[in-house]
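Engineer: Here's the letter readout for the chains.
There are 2 protein chains.
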Amino acid sequence: MTTLAILNCDVLKVEHKTASVAAAQDILIEKEKIEKIVPSGSISIADNAIKIDGHGLLAMPGLINSHAHTPMVYFRGLVEDVTVEEWFNDYIWPMESNLTEEDVYWGMLLGIAEMIECGVTTVADHYFYMDQEAEAVKESGMRANLAWAVFGHQGEKGLDRTVEFIRKWNNSVDGRILTWLGPHAPYTTTPEFLKLVVKKAKELGVGIHIHVSETRDQVQNSIRDHGCTPVKLLQQVGVLDHPTLLAHCSFATDEDIELLTHYPAGIAQAPKTYMKHGVGLAPVVKFLKKGIPVGLASDGAASNNTLDILEQLRLMVLSQRVSLTDPLALPVGELLDMAFRGSARVSGFGDSIGDLKENNLADIALIRQDGLQNFPCFNPAVNLVFSINSSQFDTVICNGKVLMQNRQLKTINKDKVKQEISKRLERMTQRVKGKSIAFYPS
Amino acid sequence: MTTLAILNCDVLKVEHKTASVAAAQDILIEKEKIEKIVPSGSISIADNAIKIDGHGLLAMPGLINSHAHTPMVYFRGLVEDVTVEEWFNDYIWPMESNLTEEDVYWGMLLGIAEMIECGVTTVADHYFYMDQEAEAVKESGMRANLAWAVFGHQGEKGLDRTVEFIRKWNNSVDGRILTWLGPHAPYTTTPEFLKLVVKKAKELGVGIHIHVSETRDQVQNSIRDHGCTPVKLLQQVGVLDHPTLLAHCSFATDEDIELLTHYPAGIAQAPKTYMKHGVGLAPVVKFLKKGIPVGLASDGAASNNTLDILEQLRLMVLSQRVSLTDPLALPVGELLDMAFRGSARVSGFGDSIGDLKENNLADIALIRQDGLQNFPCFNPAVNLVFSINSSQFDTVICNGKVLMQNRQLKTINKDKVKQEISKRLERMTQRVKGKSIAFYPS
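For the record, the sequence lines run as chains A and B.
Residue 301 in numbering that gives the first Met the number 0 sits at position 302 of the first sequence, with consecutive numbering throughout.
Residue 269 in numbering that gives the first Met the number 0 sits at position 270 of the second sequence, with consecutive numbering throughout.
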């Protein structure tokens, strides 16, 4: 029986990499799932169902952030106009040594609030003190794949703590929380450590979320140190035998790409981060041609400055077209397929989200269509990609529950979160010589 | 005597390519000019002055769109996923043959409404039926440099019509309207025609706004046909002896750049257009190193999809950094200097706008600072460049007059404009075989 109904909205569908819009539909939701999508008024709806007026709104699958470090919103805009090495070694990693469990909780809530405002219903997060992230996800109503980041120098004891987290939280909170293992990267671990991770992944039956080949130097250093690329190394130690979320992978070689087609791996891409830091862009069109799933991601707001996936969508197509000098690269339908289904698969949620259809989970973002940047509107999908911005998201539903309506957050007290963040900023941004969570090799 | 006062706002200053913010200031305006900027409350303000509560808002110079075809908002999002040649020859130029004077008037109003909502107070526009644009600028309260586009095949008669327009409108409407000559481009005119333009420019004492070297092919074709680059051709025919607004100029050679340093020319850059169409990026850092003024521009919304200059600002730095693989290119202060003072100079307004200081024209945009994407806010200038979007502009003032307050437009009836546009769309977008305003050579 219908528990929630969105009445008379337009619905964005992306099928066979072609986007279309069905006007004037009712979306019926039963508990956490989409029950039916029907022409508006064609089915009578139970009196006690919650009803949302969707007139003028365009419904789409909730956006998915397939790689983030959400609590890094603390550092938004703090470290700018520096090199990647300075960014890590002089600022971010020293400051992250200040993190407490409670800091992570409040930072996660702030980031989730921003994501909900941007139409994002799912995040694949990679950070520390993940019990705290899980609590924030639980309260906020979002969906998440949580991976506790671990460096090689933390050894088996460090890894075991993340295993404990997985045992506690995997498939919990009405299925909204998945948990994967989170070894930081090949360059901050060892092959032996990664083999240990693989062993745990097998025991737990979970996937692995890891940074890989983010810069050209990382690939060259790996060839120097291990005789192979980071992707090849992941294959050799067995990581790729498990569902794997490869964050970045921008400097995958042609051989890496060929290799990845044989494994259950997906790639998360955060174009704004790569652009801002002058790192270089990934061969995204090649990934897609080979059938490797690609998802959109914000990375942390310390590098990306927002957690805005619609912005990443636009930057993805703009950056790829200019770097390939190809105006036909990533046509709108293919791009939206990446944003919705690609991101869902990459993030470990398969086909259960990323498409508004019967029996899928009810993760839905509704965007206003009456702004000037959406007028005229020959094609709502085109305007979504190229014109309007995330300020137009009006209503956000996750797992059949309303998280935002009329731009009002329903599950998070923004003022309280801002207060809590404010009183932590001074301590969080201190840098003490010699105190750092890791070292970035140059 | 103060006629308008903005009370207790923060003020963004960009000096010596460094951005800073003065908190809690009163901006006093006398008629069309900034009278004083003082710490809030330090001067008593005339009772009959209009007062705006600026608390929580960041004041900056009104943004400047240094090259647009504003009425092309009609075609927003209509022609996507095509090559540049198809875009011009199969769609845009055939459709523009449908334009009537009245179409231009309503299209200009729609575009101006969008620009005001995006904090833009000045536009350097290049289009047709410019009397109609001038009427729309007059009514809306914006500032503009208007150039009537003319192709070589229109001959002296076509040019004379644009001269007539200049005689009627130059320096009119309280000085808000400048008018320049608008030969379309070297590739759509002849050297003889351009010499005629130069003669008229000299007689009228006005500048010249022209497209140049937008693609690599245009440069190669010019070398083939004229034995020199388009920029060199402009020098040879005398265009560069006059104040010149070079739209795009993305494929300027090193010799072109050296040459431009000797002339009163500026360059307008619309990065989103170049990215979306896979055209390639300009050597912007080289331009700036050589002291050539560069401004931000949207081009037409048919290619750019918005008239949002804040979006162009962000895309400028992101696209340059990734193409140069240099995270230190275009630091925030230099970028804002380009956006404000660069755009002002390029657009023909010298130093009279683009900087909030005594005696400058009172063109001011105030942006909200309480959104989540602006929190935390270690540096408002950084967040302006990398985090927040144009939906946050709250109040816009041009020439001492309020054009938007609390996001409500004061001079334009949006509903009426949308109605007028809607009833024209079907006719405007018809394509009749053989009917086109020009032909784009491939």
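The reader is advised that the hints may include incorrect statements.
The list treats identical chains as interchangeable, and a pair is accepted whether it falls inside one copy or across any two copies.
Distance condition first, Cα-Cα at most 35 Å in a straight line; then the derived DSBU-like pairs of lysine-lysine [said to hold, decoys possible]:
hint, residue 1, residue 2
1, Lys432, Lys30
2, Lys137, Lys201
3, Lys167, Lys413
4, Lys198, Lys415
5, Lys194, Lys32
6, Lys289, Lys198
7, Lys413, Lys50
8, Lys198, Lys35
9, Lys415, Lys199
The hints are simulated quantities; they were obtained by calculation from the structure and are not laboratory data.
Just so we're clear, the structure is a prediction, and the values are computed from it rather than from any experiment.
Engineer: Now, for every hint given, state plainly whether the structure supports it.
Structural biologist: Hints, one by one, checked against the model:
Within a single copy, Lys432 and Lys30 get their C-alpha atoms no closer than 52 Å, and across copies no closer than 55 Å, so neither meets the 35 Å cut-off. Proximity of Lys137 and Lys201 under a CA criterion of 35 Å is satisfied intra-copy only: 26 Å inside one chain copy versus 71 Å between copies. Taking identical chains as interchangeable, the C-alpha atoms of Lys167 and Lys413 lie at most 35 Å apart only when both belong to the same chain, with a minimum of 28 Å there against 55 Å between chains. Taking identical chains as interchangeable, the C-alpha atoms of Lys198 and Lys415 are never at most 35 Å apart, the minima being 42 Å within one chain and 67 Å between chains.
When the C-alpha separation of Lys194 and Lys32 is checked against a cutoff of 35 Å, the pair qualifies neither within a copy, at 38 Å, nor between copies, at 69 Å. Taking CA atoms no more than 35 Å apart as the test, Lys289 paired with Lys198 passes inside one copy only; the shortest distance there is 29 Å, against 59 Å between copies. In this assembly of identical chains, Lys413 and Lys50 lie within 35 Å of each other by CA distance both inside one copy and across copies; the values are 25 Å within and 30 Å between. In this assembly of identical chains, the alpha carbons of Lys198 and Lys35 never lie at most 35 Å apart, being 42 Å within a copy and 69 Å across copies at closest.
In this assembly of identical chains, Lys415 and Lys199 lie within 35 Å of each other by CA distance neither inside one copy nor across copies; the values are 38 Å within and 64 Å between.
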